[in-house]
Every structure is written in C-alpha cells, then in structure tokens.
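Trainee: Assemble the complex: chain A is given as a structure, and chain B with the ligands must be docked to it using the hints.
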Amino acid sequence: MKTQIKSSLRAGITFGIVTLFLYLIGFTITVSQIIQNLLKLEPDSLVLGVDALTFSFALFMGGLGFWAGARQVSVSRKGLGSALVAATLSGLVHGLIVALVAYITGTLNASGIKMNTYLSQLLPASVQLFIFNQTPAVGALSQLGFLTFMGFLGGAVSYGITVSNLFGRLAGAWRSLWGRVNDVPVIAKFRASPAFNYTVCGLILLLMILLPLRVGQYWNYTLGTVGIYVLLGLGLNIVVGLAGLLNLGYVAFFAIGAYTVALLTAPAPHGLVWNFWLVLPLGILAATLVGILLVVPVLRMRGDYLAIVTLGFGEIIRILSKSDALTFLTGGPKGVNNVGGPELFGWVFDDVGYLYLIFLSVLLAIFVTRRLQNSRIGRAWESMREDETVSRAMGINVLKHKVLAFAIGAAFAGLGGVLFAARNQFTGPEDHNLMVSINVLSAVIVGGMGSVPGVIAGAFVLKGLPEILRELENYRVLAFATLLVVMMLVRPAGILPASRGKFEIQGGGSTSEPGKEGSQK
Amino acid sequence: MKAALEARGVTKQFGGLLAVNHVDLLVPESSIFSVIGPNGAGKTTFYNCITGFYTPEKGDVLFYGESLVGLQPDQITYCGIARTYQNIRLFSTMSAIENIMVGEHSRLNANWAEAILRTPRMVREEKQAVEEARRLLNFVGLAGLGDQAARNLPYGAQRRLEIARALASKPKLLLLDEPTAGMNPNETAEMVGFVHRLRDELGITILLIEHDMRMVMGVSDRIAVLDYGEKIAEGSPSEIQNNPRVIEAYLGKPMAE
Ligand SMILES: Nc1ncnc2c1ncn2[C@@H]1O[C@H](COP(=O)(O)OP(=O)(O)O)[C@@H](O)[C@H]1O
Ligand SMILES: [Mg+2]
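These protein sequences, in sequence, are chains A and B. Using this note's numbering, read the first sequence as starting at 1 and increasing by one per residue. Using this note's numbering, read the second sequence as starting at 1 and increasing by one per residue.
Chain A extracted, bound-state conformation:
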C-alpha cells in the first residue's frame, strides 16, 4: 500500500511538472488552438457553454489527467478499490500542483504584472486560459477538481480495460479472424505461391507509377526528398546497420555526388555543361573513390574513433566547399546555380520525371542491398558487427570488407547527391551540413538497423513526418523529438527490425527471389 501511495504521488508530481513545463513554454495555448482547428470549431462559437478555445484546452487538460490516472492502474494491478484510490490520488496531486501555479500566475496577471517580460511565453491570454478564463480562485479550484476527477475516470476506465482484457481479446479476435481467412484453401495457396509476392510487388510498382501523376508538385517534391533519404539510408544501413561501422560524416559522399553533377553541368563556375547521363556515373564513382580513400587510413580504428574521424571529414568537406579561397573551384558559400538535369528523348524531366528517377534508384539500391545481404559478403559484414575478433578467426578479411561496405555506402550517397542537386537545380554548402548525417543515421536507427523495410519506414518518419507536423509550427521540432523518443521506447529495435531469413526449414532462403527473404513464415 505504501509503495503504491508513493508511486501515485510520484506520478502526480511528474505529470504536474510536465504540465507546468508545457504551460511555461506556451504549449498549452498552442495545442488548444490546434485542437480547435482540428475540430473545426469557430473561434467565437460556444461549446457546452464555454468558448471554443477554453473547451479545446479542457480537452487537452482532461487528456493529461486521464492519462495520469490510467497509468496508475497498469502500475498497481490490484483490486478496483486500490486502483481507484491510486488513480484519484495521482490526479489530486497533479491537480494541486497545477492549481497552485494557476492561482499564482492568474493573480499576478490580474494585478497587471506582465509576466511575459520575464517568461516570454506567459502571455496574458495563455495565463487566462490556464484558469479557464475565470477568476484565479475559481479557475484554480476548477483545475483541481477537474484533474482529480479525470484521474479517477482514467483509473476506472483503465481498470475496466485491464480486467476485461479488452485489448487482449481484440487482438485474439483479430488473430483468429486472420487465421480463418488464411485457412481458406484458395487464399492459403495463393499466399504461399510466388504469385502472391509478384502481386504485392506489382501493386507497389503500380502505386509508384501512378502516385507521382496524382499528388501534385508539392508532394512530389516531398516524396522525392523522402526517396533520396531512403537512398542515403540504404547506403548508411550497409555501413552502420550491417557492417557496424559508425560513420557520422556520411554527408560527405552526398556532397561529393552533388558537387560533381553541379560543377560539371552548371554554366558557372566552370562552364562545362556536360550531359547529365554522363555525369551521373561520374558522381557515383567520385563518391566511391573518396569513400575508399577516406576509409583506408582509418581502417584499424573502432567505434568511437571512427565516428569522430568521419564526423570531422564530413565537416571538412562542407567547410572546403564554403571556403572563399576555393570559390573559383566550388562556387563558394553561395553554391552552384542552374545545375543541369536529365533529358530523355527530348523530354526535360519535371517533378514527375525526377520522382520516377528517384524511385528507380531506390529500387536499384534495394536490389543491390538484398543481394549483398544474402551472400557471403553480407554474412561477413554482419559477423563483423557482432564480433570483429571472432569474425577474423572465421577467415574474414575484415579490412577488405570494411572498405567494401564504405565504398558501397558512398556509392549510394553519391547517387543521392547527384539526384538531389539535379532536382533542386542547385547545391550549396548548407545542403550538406551535419544534420543530414544525423537525420540519415536516425532514419536507420528509428527504422531498424540492418533492415531494408526499416530504413524506408525510418526515412518516411524522419523526412515525411516533419511535413505532416507543419501544422504545429514552432513546436514541430519538439513534437517530432517527442515522437522519436516515444517510438524508441515502444520499439527499441526500430519500427521494422531486421528479420532473419529461414535456411533450415524452407530450404535455401538465400537462393530464393531477392526481396522476399524472411517475409515468408
């Protein structure tokens, strides 16, 4: 009982502090506005007797209180009585903290003190909202009562769900339904046959062809960026996810690809204006060569040292490209404009064309990754990641395989850079800052190290989600970071962790079609 009270108190205090933090940074009013927009409430309309914004705010606070209470039940897992006590207690503590601050800030605000001169986000409107646009005393008491009640409610509902094992039963029902569908002979046969895989691939391909024609320029651009990040992610996945070499300067190879195409096709600074299709392989080649040159001297380094050296290398490339002294060579801080793009039978690529080209590159990269992964080389990489010392004892030339991983990773990044610069018709030093490396690495980690579907999902989360979160404006980064943290807590191995091919029972997983290993049960 005592530990339970303690845990309730702690939860109440935690939720109280989090709520205050959100209040102090002005998030409470922003999120209320967002809720109001999402519910499509007119600003002047009244909902249940209160104005739309206050109502939205109450929804938000109610959600927080509910969560605080619900959490307590899953923690305690005892009888109904003690569960409700625990939930209500944490709600009460949560409410007390919030009410206290609401009262103080409300009173100060009412007496005309402008708190936003000290805490810039404590605007009068936000303070008023925090006491539900009432007098400080009434507002504070409402907060207290409301949060206590919501805690109680959260506890009751959560208890009901836990006891009735609602989610468990839902999942069970879904599983049995799914199982029954799969047991139908025709469907079972279809799923087991190669035709199923071809159908799935065909549908995805069809989607890739039709989507760019439908969604418009803005989404084509966004999808293209995501696609380029998938490409980068696939490359880094080989280096970090498979071979286990932490490379924090991956952007360097991206930059080399981008600058190769920029300097060889743009009218300034060199006036070379070569054909894109000729420059494309040159960009890949240049990145690959630099990858090999870079890795050879640092081959014997492990872990952190390698990370630091590559990090430095990435920055050096960016700083060189930015340097005034090298402006004649690289275009300097302003970058290179009018980068040339591809043309095919007189068709100058537009946004759709670029998206097709990017999709094609991604497919190629997936193909190469899969085939390498399911070979002697891929196994050697993974064994190096697991235990480099033992890997050497298996007869694996670790140095050679490290160079190979770096080279292939660099080639993918080079291709990505070429496409990026050509599509944007521009490249400059700031396209190649450290954030690119970090984002790509995050995509690999969030998606699931060593897993191709994981990298794709990770790139969508890292580059697609921020576009969707645009709505949140200033809090975009905050919300984004929170989501990433939550995701890593919920799925520590990544969204779609690598699945292992089956060799023993299925027979020759590695000799089956690429792209299907491990997806069969």
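Derived by calculation from the structure, the hints in this document are not laboratory data. Honestly, I wouldn't trust all of these hints.
Claimed, not checked - In silico BS3-like pairs for lysine-lysine, Cα to Cα no more than 25 Å straight-line:
# : chain 1 : residue 1 : chain 2 : residue 2
1 : B       : Lys127    : B       : Lys58
2 : B       : Lys170    : A       : Lys502
3 : A       : Lys400    : B       : Lys170
Mentor: Then chain B with the ligands, alone, in the frame of chain A:
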C-alpha cells in the same frame, strides 16, 4: 607420425608478466592433445599466439612445417586452423545456421559483383553452403534449431554450435578452449564422445584446453601441463596423473573430482 603443429619456445609477455614462457609443444597429426593447467596459467594466451591474435615475442609456431608467426588470424584460418572460445562467442543475433555459414566463409569464393549479379556459380555455391551448414547442424545434434537466433539456444547447444561453426571451415586442426566449461556431468560425457567422433570420423587433429580432469584423462592421447606460463610436464594421461610436479601445481585444486 607427422607433426601437425609445433611450437618452439613460444613466449608472450604482458608488461612484466610472462603469460607464456618458452613453451615447446609437438602435436602429432590426428591426435587429441590436451593442455591443462590452473587458471591464469597462460593456456588461452597460448591459443591466441597460435591463431595470430597475439604475436609471440620469441619463438615460432609451425603448422605442417610452415611458420604461422606474422600471419593475420584470417590467413591462419585459411591455412586450416579453427578454434572455439572459452566464453562462448557466437554471432548472437544471427541464426544458428547463419553462424555456421559465416564459418564457411574461407571455403567460398563469390565476390561482391557475383553476389549482386547472382551468377550461376554463386547460386550453386550458396546452395552447397546451405546444404553443408545443415549437415553440420545435424552432425552436432542441432537439427531443427537452425533458424533460431544463436543467443536463444540453450547453453549446451551454443557450445556445440560454436564447434560446428569452427568445423565449417574444414580445418585440419581444431583448437577447443574449455568446451565443457559450465556443463553438467552428462553433457561432459557426451562431449568426450563427441571429441572422439571429431577425430575418428573427420580425421581432425585436436588441441584441447580443459579443466575437467575426467574428460582430459578419458579423451587425451597426450597431455601438456602449463603453470605460470611454463610447461612443467608432458606425457600420457597416466604419466601426468603420477607426476609430482603436476600434483604440486594442482595441490588443493580439483585434480580428480
Ligand atoms: N590481453 C591481456 N593483457 C594483459 N594480461 C593478460 C591478457 N590476457 C591474459 N593476460 C594474463 O595472462 C595470464 C594468462 O591468462 P590466460 O591465458 O587467459 O590463462 P588461462 O587461459 O590459462 O586461464 C593471466 O595472468 C592473465 O591475467
Ligand atoms: Mg583460458
């Protein structure tokens, strides 16, 4: 009989500590040769000198007459030496059968281009690799567990998988480092039979580090005893059992449990 492995005055120092001190050893082909000694005697270090992880300060290691000193561990594997580890070191997230397939690395040839293009030769080679891995899985009694992640296997199975992985390179000489550590008497007895099979069925020369005296005496053709890095005795099991220096080195230690 031909010597598979010969150590000549092998010496390895860690700072001031002489971990291996002037050790001479001659392991005849197709024999089971054990190295015993108290903890810290330098047995594992001696293995590391043979397999190229340490370069001995003095002395030479010959494998069928060729010196191994200066070669990298992976090159030594290509020469035909494989080993297991005292503390199991499997590739833990990879499946059992993939672990064995990594062990086959030195016998396969496909390069990156062949892997991407999946040339007929590469496909054939892969198919054979999978078959061979399955056969080894069977040989060590792990049939049916091949698709499990190595780290999810029971302890005894992990030990046997490590041996299967070592066998995958088709070694002429196998170095086992305390293969029965942490096993119960039943499992240990099985291991004795298993080591015999390795030699008799596969014709592999075996160098064995072992703590369990019953196992050592039961399985070895010849035994060398290390103490403080020095070889203090060598001989047949019965000679070793009655050697006063050995008894002294092991005094108070579980010589015959
Ligand atoms: N890498 C190392 N660095 C320093 N000392 C070591 C190292 N490896 C082993 N030693 C020391 O060398 C001695 C022999 O160790 P080891 O060969 O592991 O013994 P054994 O395998 O016979 O139990 C021990 O005293 C050990 O502490
Ligand atoms: Mg040892």
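Trainee: Identify every previously stated hint that the structure contradicts and give their numbers, smallest first.
Mentor: 1
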